[in-house]
Every structure is written in C-alpha cells, then in structure tokens.
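Q: Take a look at the letters that make up each chain.
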Amino acid sequence: MIVPIQSIKKPQPAQQYWRSASQIANTAKFQDWMHREFPEGASELPEGSTRRNLLKFMGATLALAGLTACRRPEEKIVPLVKGAEHLVPGKPVYYNSVFTMAGSSAGVMVETHDGRPTKIEGNPNHPHSLGAASTYAQASILGLYDPDRIAQHKKDGNAIQWDDFAKEVPFLFAGDGAKLRFLSQRIASPSYARLKGETLKKFPAAKWAEYEPLSGDTAKEGARIAFGRPVAANYNFEAADVVVALDFDFLGMDASTLLNARQWASRRRVRDHHDHMNRVYVAESQFSVTGGAADHRLRMKAGDILAFTQAIASKLGLEAGAPASVPGGEKASKVLDVLVKDLQAHRGKSLVAAGPRQPAAVHALALLINQTLGNIGASVQLLNATESTTEVEQLKQLVADLNGGSVETLVVFGGNPVFDAPADFDFATAYGKAKTRIYHGEDDNETAAVSTIILQAAHYLEAWGDGVNYDGAAAIQQPMISPLFDGKSQIEVLATIIGAEKKRGYEIIQETWDSALSGDKAKAWRKVIHDGVIAGVSSATVSATVNQGAVLEAAKAQAAVKSSDGIELVFVPSSHCYDGRFNNNAWLQEAPDPITKLTWDNAALLSLATAKKLGLADDVYQLETEAPSFSSQFISIKLGSGEVKIPALIQPGHADDSITLTLGFGRQKTGQVGEGTGFNVYPLRNSAGMSIAAGATVAKTAGTYELASTQDHGSLTDVLRTRTEIVREVTLDDFHKDHHAIQHIAHEHPEFQLYETPAYDSPYQWGMTVDLNTCFGCNACLVACQSENNIATVGKSQVLMGREMHWVRMDRYYTGSVEDAQMVAQPMACQHCETAPCENVCPVAATVHGPDGLNEMAYNRCVGTRYCSNNCPYKVRRFNFFDYHNKRYDWFTLGNKAPEIASLQYNPDVTVRMRGIMEKCTYCVQRIAHVRIQAKTENRPIRDGEIQTACQQTCPAQAIEFGNVADPESRVSKAKKLDTNYAVLQELNVRPRTTYLGRLRNPHPELV
Amino acid sequence: MAQTFKKSFDLKLRVFVPLVVLLGACVALFAIYLGLPSNKDVGYQPVQPVEYSHKLHAGNLGMDCRYCHNTVEKAAHAAIPTTETCMNCHHRVKTNSAKLTLVRESFAKDESIPWVKVHVLPDYVYFNHQAHVTRGVSCVSCHGRVDQMIKVSQVAPLSMGWCLDCHRNPAPNIRPVEFVTKLDWQPDRPAEEIGRELIAQKGIKPPTDCAGCHR
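Those protein sequences? They're chains A and B, same order as listed. So the first sequence is residues 1 to 1008, counted in the working numbering. So the second sequence is residues 1 to 215, counted in the working numbering.
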C-alpha cells in the first residue's frame, strides 16, 4: 500500500531540537548526512588505491582462497595439566577488584575467560561504584593489552632483568637519602602509603612529592580556610532538594562520579505524577554533562563564579563583598534571585557545591553558605583529613631541589610529569639534572623517554594492591592474570628499594590489612578478597564550624586579585584522555565526547560571540560549515612563554570571553593509537593558572583543521516534518498538571502498519526502556557495549566518513539558541522493532526476528548489501567497511596486522565480525542465551532482572531497564506503563521494543 | 582484408565454447559436492599425539563419558580432560607403557598435551553441550558410537541443515537423561515415542531462529 505522506499526522513542535549549526542552517552537507546512509563517496575506495592495486588484491585473495582449500587446518585443544578448582573451560569467572585513578578508587568486577580478563563491570558491593563503572575504568582493560606498553625493564636503553635492578638497589639507594627524591601520582592505596612512610623512615633526608595535573587542592584549601584545619567536605546529592553547582561537573569528570550520579538520579526518578524531583542550578563556563542535566544552567566565565558566589552569599545576608553587578547578565540576576529564594526555602535540604577549578575562596564561601543554610551535617558531611601542602607546591619544591643540584636520584612512580607539569616549572630540564632518573610506569611516554632506568609496571589487573576513598571505603585489588611481561607494582618496587622482608605484593597488602580483620582471620581475609571490599572501614566524621570572618576575608582577597578582563583560558580534563594518561586508549579516543561529539581530537571551545570577536566567523555556520567533518579555523593562544596553535570550535552555550582547553592530547611520545591526535595545551598551563588563566593573547591564525565530530551522524530529523518528538521533554509542573504531557507532544494513532506483526510465540518477550530523565549522556553504556560485543574502533579517517561502529549512538540534542543552549542526551541503539523494516529488504534473510522479539543479525549469512541499514529509520546499523579488527590502525596497508595481544581482550561469546558484515545491537543476545540455557537446565523460568544487558549493568544512573515485556510484573513492563513512556518515530508504527521515558525538567515556576 | 578466421571456426566455436563452459560447470559442481560437510568432514580422523583408544576405555572398560568430559553438563564445552585425569589411574595402571610416555612427560613437566580437535564447528556457531545433554540428547546422536572407536572420527556432517533437522524434529534424539551417556541404549519401545513424551513433559522446544546458535 502506498501511503501519501500528507496523511501522516504532522506533530506541532513544542520545542525545536537540533544537534549542530549545520542542521539549523540546513546546509547541503547536512542534508547529505540526513538522506544518505553514508555520505557520498564513503563507499568508494580511499584515495591512492588504483585499479591496478585493486586487481592485485583481488588476485592475491583468489590465490589464497585456493591454497587454503587444499588442506583442512588442524585445530588443537590444549587442556590444563592439572585441574583448577572452579575453572570450567568456556565459563567466565568474575573477580572483584578495585580501579584507582587520580587518588580515588572504584570497586570493579572483572570478567575473565579462561584466565584472560575481558570486561570490567562495577563491583555492586563497593559503596562508590554500586555496580556501575565509568568509561575510564571500563576502558582501562585496554591498557593491559596495550601493544605499546613498556614491556621490558631498561637501563640506559638496554634491556635488563628485574634481578639486575634488585642487585643494584643497595648502591642506588644508600645513606640517609639526602640526594634522593620520589615523585608519585596521588596515592589512593593504603599499602602504598604505608610503604611510602617506611621509605621516608629508612631515608630520613629524602623527600616525596605527589603530583597530579588535575588536583583537588583548592577544595582542601577552601575547607582549611573555612574550618581552620584540614577537613574534607563530602557532598550527598541524595539529601538535597536544591543543588547549586558552581563550575562543578559532578556528574562528569570533576569527581568520582559514579556515586554522585546514583544519588542525583535517585532524586530525578519520576514514577507517577505525584513524584517530585530535585532542582539543579549550574553556573559554568564550558558546557558539561552536569550543565546538560541541569534545570537552570547559567553560562558565565569561570573567573566570574567567585563574584556569583559572593552575590549568593550577600543575598543570604552575609557580608561577602558582592560586586556591583551580577556576572552573567540579566538572566543570571533573575536566576540568582530565584535561586536564593529556593535555597532559603530548602534549608537543610539544599547543597551549594564548588568545582575543583574554582579557587579556594569559592570553596570556602560555598561551605559558609551551606552552614548558613544548615546543610552541614545533612547534605554536606565533614570528614577528617590530614594536613598536606598542595601538590603544585610539592612539585615546585622538587623542581627547586633538582635545579639546585641537590638531587642525585629521582624515582618517578607513574604519571607523566615531563608532559603535564606546569609549563613555568620546565620540569624536563630540571629532571635532566638528576644523575639517576628512575621511571616506573606502564605507559612508554615522554617521561620514560628521558629516564635512565625504566621499570615496567604491572597493570592493576596483574598485581595485588588496594584502594581507599576519601571517606575511607577500602577495597582490595587482586590480580586476574600473571604479569604478561615482567611488570612489578609500585608497592613491590618500594619494598625492594627499602629491602623490606616481605617483597611480594600479596604479603604486603596482607600485612597492611591484618589489623583490620577480626575473628577467624583466614576466613575474614577470604571474604574480603571475595567481596572486594573491606567492611567497616571509614573515615571519622567531624563536626566543625565555619569561621565566617576568615572566609569572607579570603573571598574579598581573592576578588581583589582576580582580573576578569580579556579572554580567560579554562583547562578541563578530557573525556578521551583525562589528563593524557588514556591517550593511547582506542575506545576512549573514539567515544564521542558527551558534549562536543568530537573523536580523536580536542579543540579550543568558545562561544559564538567570542568567535565573532576574534574574527573567526560572522555566524556560527561559517565556522562549522562542512559536515560531515568541519574544517575548523586555527587560532593561536599565547600565555607567558607558551604558545599553542589549536583549532577553534564554537560550543553552543559556552560562556563569552572564555576558552575551554582540553588536556591530555598532543602527546609527543605515545603509542600507535594516540599518535598525532589533538593538540597539547599544557604549554599554556602555569602554576599560577592551573585551572583558570587570565591574560592570554588569542588571535586567528592561518590554516584550517578537520575535526571528526559525530554530531550529525545518524540524524533522525526529516526535512518534510520536523520530528521534534524524537526527544520529548516537558516541565515537571506541566507533567503534574497533565500526566500525559509527554505522550501528548505527539500523540500518534498510526492507522496502518507496513508489515504484519510476526507471531512472537515465546513466553519471553524482551524489551527495554531508557529513562531520559536520569540519563545524562556519560558514555558508560557506549563503552560497555563496545567491550562486551567486540566492537571495532575505526580511527579518525573512518569516523570522518561516518563509519564509526558504536552500537549505541549517544545522541546529544540542543534546544534553545546557539548562544544559550540546553541539552538532552538520548542513547540510541537498535530498537528491535516488532515489524522491522530492515528485515524485509534483506535479500539473504540475514536479519530476521526471533520468537522472543529480538531483531536478530546472522553475521555469517550477511553478504553486505547494506539494504537493511538503508531502510532503518533509526539509523542504528553499522557496516564493517574494512577488516577493522585485523588491520586496526592502518586498515588499508596489507600486512599491517593489528597486534595479536589486542585480541586477548575479545569476548569469546560474541563473533568477531570481519569486513563486509552488517552489525547492530543484539540486546546482548549472548547474555540472554547464557541465562536461558541455565534456566532450562535448572527447569525453572528466567527470573526478572536475571538478564542484564551490558549497557544496563554499567549505567551509573540506572536509567536502563531490560526484561520480559510479556510479564506484566517485570520491571521493564512497569516502566513501559508509566505516563512518560513513548516510542521514537511512533508514527511509523514499527513497534520498537526499546522505548524511552521522557525528560522532565524542573525549572523554578517563577522562571518558566 | 583477409579473413582472420576460417569458416569452419564458426562450428568449432559453437561446439567448444559450450563444451568448455559445461565442463567448467561440472568441475565446479563436483568441487562443491566434495566440499559439502557430509563429504568433506565426515570421516575426518586426525592422528592424535597420544594413541588413546575410546573403545578400550569407554567400551571395554565401561567408563562413563563424563569421567573425563566432566563439564559437559554445566558448560558449553565438554572439556578435554587434564593430564591429571589420565594420571588418576595411570600412576598405578600401565605405568611403563610406551604409549603413555607423552602423558607422563606432560604431567612431570607441566606441559599440556596438544590434542587435535575432531569435531570442529565454525567460530560463529555457539554450540552448547550443557543445553543438549541436560535435555536428553545423547552423545551418540552427534558423535556416534565413540565407545567402539579406537581412533575417533567424525560421523555426522555437523552442518547447519543437519542440526536443523533435529531442532525441527527432536523426538528421535531425546531420551531420559540418565541414559544420555549410555551409547548402546536400546529402549523396549520405539525411541521416538519416548522422545515425544519427554518433549511434552519437559516442554522442549529447540530454537530454530538464527540467534539460537549464532551470536
């Protein structure tokens, strides 16, 4: 039946949603993206391959095919010599461990297949991960199988054995250590800290510096100002009805986000129209996921946050020395009035939290405000902390010692100070002045390159260790695999250096925790290892009162030094590399940034007004012209002696006169993945402006650069109809008034169905819901899916052609103006339509429906016509244009095989797809099959919640439900009955099994 | 201009070209026929590193299959036994046998024995022993009378069509679970009848959709 398009009801858009400037401008390139499955030319051979080459390849392929047919390849089965208990070949074993990064730790549960770690999940027992895992933790498994990691101990460039080093230790480390220094990353391991103490005891004249490029020092300093002694302030987002985040990306990259996200999400979950939510106000310069999740987002220069905080304090009756005008313009002053009213109305149930980029005075002021509002003891918990100098001070002292010639031996544990130390320290030169430079790490980086002795570190999945959090929650790190090379952990190296009696990692951590165990110690220890956490260890809470006078004094002093004129630079961690440590991690490099959707690169983010001011563009479309990729104009930024040339990118909703620079890219010495990605901005980062730097000179400079952004890929917008109902959003008030408000946005009554619904005769009918109200777009699901389903990474050149393989496309929509945009995130994967349009066009029946409602994909049957992808209204099918798994980094050069070690990570339960195959989300069919077979064996039905898809399991906000929609009592069925439930592209009536729960925003009624 | 070809060439062309094409087609068809799993794979009998006789152990001595293949009921793989399993008996029995040299060496040196895989499925097929054995599909249905084989060879094609034959009509291959490893099981009434009863009783419904085996 041919249906005239006019007969489909056209929804009246309440709000316009857009993904990019090209979409608003409706440029030709954008149209191309929207209408074509892939942009024009994407299916062609890459440049440089001639017909001759092609024939050569074809000939070679034929010859090889002929040869392989001659003899059947012999396959071997190699069983163990002696059996290991609980080890059943082909069955995964899960171990609890802990992932530590930048001074905090999160419990993980590691899936191992026949002794190979393959996937990282969150440890449900751990109070900070609660079963969720961040993108960094999940992707850290690639570090274990990184072909570029340091695989050999070295001295002066020559390979040595560990014992050679051990023999040298007495000569290298002699005397009282007056000429001995240590530099490590921030320590989150009690055993490590204990050995550090013992080391300093043995070498009393030695000094130890801890340094991380992204520190929490200002928060510590702020608390010290406020309370007059070291205290750690711990925020509880669950206890707050009103949250004010001051340049604090608490859901994103500014904190250990898993617990924050869980607490925040618990206050956003709306089940029926009586439920209430918290209200989140965010003031920030860049656009963060927290800003995207906020109910009110104010864009203002990071340097103006202090003034804004002072204004809040003044309105609350504190003599904070508020500026004459509120930064952020008219909107900000309006929001400020309401915000203060809201805070006053929620005394004891609100929270004002400052981010790590803000100076100590803002933190102190925030604590004072919290005290004034009675939040301390409720949403703000005070914990005991120890006195320490700031990390920058520690590093500064070390550099001074090095330059003074008083250091003979410097031991660097991890990190990459040559790359990431403040530019004004000139660490590289200072480092060269130490005679013996020992670097212990996994990453073959800039620091390793200029060290005299390189000790290869064991990956955390290879070694015993432990991790603790700021609140004292402790966990044990246990090895999953013996070191692939001969790596040693930090604690083992330290134990050797001090000549400790117990040198093995296991003995060291046992010694650390022996006193924490009681009763039958052997049994208690086994339980600790099994659970992964040490129960009953926590920091003592303290009560303290904020010294109002000191805080207000500090605020005024800070306000006096602050110069808010000119363009400020703000340094932020990267969703790809963090501070540079994940630079060689392909999953993280290719996961599109939650906001900019950039892959494999960073850019200088600025607002439209700033771009105009710099003469970069007359309007936003000019800078962001050429979709799929857009050529970005280079700008040159000078600050002090540093100069950086970096492409500029207009970020909707960015503060004016502010440039956000992402750290961690542009490494000079990194592996084959990270090589040539992005631009190094550390040369602009000085000790005086580690987070926010004023006084930079910015100018347009010659040249353009192609950035690989995925923001227009898979656009669902239709030219004929503006499908604004793809993401649905109403205010909480409107939802209270009309609890069908979400469904009313586009209430479709499809009168026809293109295909007949097949007979779904299984008692299990799988379905999914995604709660857009708690999803904030962090990418954890995207990486989890990649890890679980052996999804290839393709590289920047392929992303530019729209060939990224992620099964979950994390769509990010803006709404509002380019100047002051709001954001909604929507993860989009195969919707498992009951009447799937893809199935009918497959000439070989490679994609068909199963009896349980799955839209199945038989890879071995697929011949790669790509008709299915062409016919998919959600654009969620992915095609392997090349053999990405085998020729990963340089896919068209014959013979450049991907390193074999990388294949150790593969999940053996999922086929590794080759060239010419279509693939897409399967609802983790391997997990379904595993549970189904187990349930059959035990003669019982499958229990609700027994099957968790990879994305669902790892979601920090628990936004995803999966289960049997045929069972009315299942969690997913109940979610689908909610008034906020809707299907995307409902008018097509393809009956998708994945539906969404609409987004509710909770703006203050006075501001609507 | 002189003719390039003689007139008789026309006839030759008309006869030979179809002949060549036909011959080519015959060769291709024959090659395909030879390559069918039922021809190519059935009878595959590789040489094993240890001259182990299933006939002796499972047949004459009457050992249960699961003594060695102990994970068959709880995992996808029916594990090939560890050297330790062999040595359970052979540290007392036939301790000096030359045939067992490799086994003893393996145990002493802690080096695995590289057994050769007989039943090879493509990597995209996720066959699960647990699902079959616990539902009453006997070893013999796929592996034949291993208890009579001195050297194991493949008896069934293990092709997709062959799998589906049974998945569509499982009755002839379903037996009470207790007889799964009794390869010479002889029921007193037609096996298919018993199979049908068990299918009804247990609600056995083998998957015939792609994702049943391909993931």
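No wet-lab data here; the hints were simulated from the structure. Note that the structure is predicted; figures quoted are calculated from it, not measured. Take the hints with a grain of salt, since some may be wrong.
Said to hold, decoys possible - When the alpha-carbon atoms are kept at most 27 Å apart in a straight line, the in silico BS3-like pairs for lysine-lysine are as follows:
| id | chain 1 | residue 1 | chain 2 | residue 2 |
| --- | --- | --- | --- | --- |
| 1 | A | K167 | A | K523 |
| 2 | A | K82 | B | K74 |
| 3 | A | K76 | B | K117 |
| 4 | A | K91 | B | K99 |
| 5 | A | K936 | B | K7 |
Q: Would you check the hint for K91(A) and K99(B), treating anything up to 27 Å between C-alpha atoms as holding?
A: With a Cα-Cα distance of about 32 Å, the restraint between K91(A) and K99(B) is violated, given a limit of 27 Å.
Q: Given the hinted pair K76(A) and K117(B), is their Cα-Cα distance within 27 Å?
A: 5 Å, holds
Q: Verify the proposed pairing of K167(A) with K523(A), using a straight-line Cα cut of 27 Å.
A: Outside the cut-off at roughly 37 Å; violated.
Q: Can you confirm whether the C-alpha distance between K936(A) and K7(B) stays at or below 27 Å?
A: At roughly 76 Å apart (the allowed maximum being 27 Å), K7(B) and K936(A) break the hint.
Q: With the threshold set at 27 Å, check whether the alpha-carbon distance from K82(A) to K74(B) stays at or below it.
A: 19 Å, holds
Comparing the model with each earlier hint shows violations of hints 1, 4, 5; every other hint is respected.
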